[in-house]
Amino acid sequence: MSPTKDRFISSILFAIASFSITALFVIGLFIFIEGFPIILRIGIGKFILSTDWSPLEGRFGILSMIVGSLCVAVGTLIVAVPLGVGCAIYLSEFASKRTVAIIKPAIELLFAIPSVVYGFVGVLFIVPFVRTHLGGQGHGFCILTASVVLGIMVLPVIVGMSIDALQAVPKVYRDGSLALGATKWQTTTMVTLRAARSGILAGVILGMANAIGETMAVIMVIGNAVVMPNSPLDSVRTLTSNIALEMGYATGEHRQALFATGVVLFVIIMILNAMTRYVTRKRIA
Amino acid sequence: MRSKMKTVILAIAFLSVALCLDSGCGKRQDRHARIRISGSTSVFPFVEMLAEAYEKLRPDIQVDVQAGGSTVGIISARDELCDIGTSSRQLHEEEKNGLKITEIARDGIAIIVHPSNHVDSLSTEQIRDIYSHRITSWKEIGGDDASIAFVTREEGSGTRGAFCSIIMKGVKIATRGLVQDSNGSVREVVVTSPYAIGYISLALVNEKVKTIAVDGVSPTHENLVNGKYGVVRPFLFVVKGEPEGQVKSFIDFVLGEEGQKVLTKEGLLSPLNK
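Those protein sequence lines, which keep their order, are chains A and B.
Note that my numbering gives residue 45 to position 45 of the first sequence, counting from 1, and the numbers run on in steps of one.
Note that my numbering gives residue 120 to position 120 of the second sequence, counting from 1, and the numbers run on in steps of one.
Hints may be right or wrong, so weigh each one.
Okay, derived cross-link-like pairs now, DMTMM-like style, lysine to aspartate or glutamate, Cα gap no bigger than 20 Å in a straight line [to be verified]:
1. B:K172 with A:E34
2. B:K169 with A:E57
3. B:K56 with B:E222
Short derived list, chain A residues pointing at chain B, Cβ under 8 Å [stated by the list, open to error]:
4. P128
5. Q137
6. H139
7. F141
8. G223
9. V227
10. S235
11. L245
12. Y249
13. T251
It should be emphasised that the hints constitute simulated quantities derived from the structure, not laboratory data.
Predicted model, so just to flag it, every value in this text is computed and none were measured.
No residue lacks a Cβ here, since even glycine has one placed at the ideal position from N, Cα and C.
Please construct the entire structure, taking both the sequences and the accompanying hints into account.
Structure follows, in structure tokens:
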């Protein structure tokens with residue numbers, strides 16, 4: 001291929017790449033322009049630290065939703081990390097090639113299921129199960145239900161990134177450990193897992209970011225009550241569900257306040273993504 | 001040199017994006033005359049039926065219907081993004097500016113519970129106390145010894161607005177209520193939860209839920225027509241300025257005999273002043 005043609009193709013690809021950056025920039029700018037004025041007018045402290053959300057009376061406090069989002073994210077990790085990392089360890093260290101060929105695509109397939117389907121399954125099976133066996137203020141529409149649904153949803157992310165991290169550990173590490181007389185399990189926990197630590201952590205943080213950003217499935221199973229949760233069986237509202245629920249009917253300040261909710265969400269997701277990058281970069285260095 | 005080239009390409013990328021967007025919006029088919037309608041999700045299914053009936057009558061006119069919420073409908077009518085905006089709640093004073101409002105029908109709001117619930121009738125005060133979380137157990141109002149899950153709509157919803165003004169009368173709906181974002185999902189929660197209570201558009205009640213009589217009056221068609229059942233809200237058309245041309249003839253069709261027949265067949269009521 002001639003150098004001119006090469007350069008031409010690389011320029012086209014550059015243009016395509018700049019398009020996605022432009023999109024990110026425009027979206028970010030738009031959310032901030034729409035949402036930031038009202039945050040400044042109410043005061044950042046009052047907006048973030050008040051639990052009183054009465055948009056039609058002009059009171060906008062989103063603390064209960066920030067707490068709601070974080071509770072759901074933590075709950076999701078409690079469900080997904082043991083399952084996801086355990087699955088990754090099995091697939092990477094113990095399973096035969098044939099088992100991997102069946103299980104890995106199946107887990108990746110979870111990613112292709114639309115979130116509304118997860119929500120629907122949650123409403124039909126998990127909500128009634130939690131209500132009849134555990135009860136609680138949310139009548140089954142609660143943090144626990146959302147955590148289980150989201151925990152299954154983010155499994156592919158955590159499994160995928162953990163397997164990549166485990167398989168990036170050089171074979172000589174394992175061989176060395178086994179040669180010193182360690183068992184396979186000892187090698188896995190004491191050598192391989194430690195070496196893959198940062199990659200697995202990155203997967204976990206990314207999974208958490210996915211959980212905080214997920215909207216449709218959460219709206220369907222969490223009940224969306226604007227309260228500070230006292231137990232995992234309480235209904236809460238997350239930042240995402242607040243935006244999606246009320247956007248259709250909101251005007252004026254109410255609408256701006258929803259964009260401001262988006263600003264807070266944007267910042268949280270950015271922090272989590274930055275953490276993922278930081279953690280992975282340390283591994284390479 | 002390289003950076004210059006990058007700048008040029010970046011500019012081209014921007015331009016082409018802008019062009020794509022522009023041509024997408026600017027293209028209009030002019031084979032049919034169009035009426036664009038947008039607004040309330042509650043009004044949407046009925047307007048679709050009206051549109052279908054109207055297009056049969058006038059094949060030269062195409063009616064496009066979109067659902068985005070009452071507020072969206074009012075704003076798009078104001079900004080002339082559509083010809084007719086629809087709303088399932090009364091407009092606030094500051095929204096009325098320059099808009100012509102036509103009531104096309106009235107819709108009952110039904111209070112619904114799970115079919116296995118023993119409670120058949122509640123007073124307005126009892127419903128208000130449930131939604132403000134002063135009554136917390138079905139036992140207090142003649143039902144099982146189980147806590148009440150009350151389901152409400154999101155802030156800004158037309159159905160919620162109507163429920164608040166008719167039932168709550170200034171008392172706030174407690175924040176611990178479950179919130180759903182459409183009539184259908186409120187119904188779904190009540191269908192799946194034996195101790196839930198909710199309120200939805202009467203036209204959307206089905207056999208999987210039980211309606212509650214309010215102050216002893218059940219929401220039958222008869223009680224709605226004779227005005228005994230009081231939980232009723234308007235369905236509105238909103239137009240910027242005086243309606244004229246195709247828009248006026250569509251509104252006339254909706255208010256006329258044929259249009260009203262379509263609406264009443266689906267369980268709605270004719271407007272009061274007609």
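Cross-check of the supplied hints:
no., hint, verdict
1, B:K172 with A:E34, "violated, 29 Å"
2, B:K169 with A:E57, "holds, 15 Å"
3, B:K56 with B:E222, "violated, 31 Å"
4, P128, "holds, 6 Å"
5, Q137, "holds, 7 Å"
6, H139, "holds, 4 Å"
7, F141, "holds, 6 Å"
8, G223, "holds, 4 Å"
9, V227, "holds, 5 Å"
10, S235, "holds, 6 Å"
11, L245, "holds, 4 Å"
12, Y249, "holds, 3 Å"
13, T251, "holds, 5 Å"
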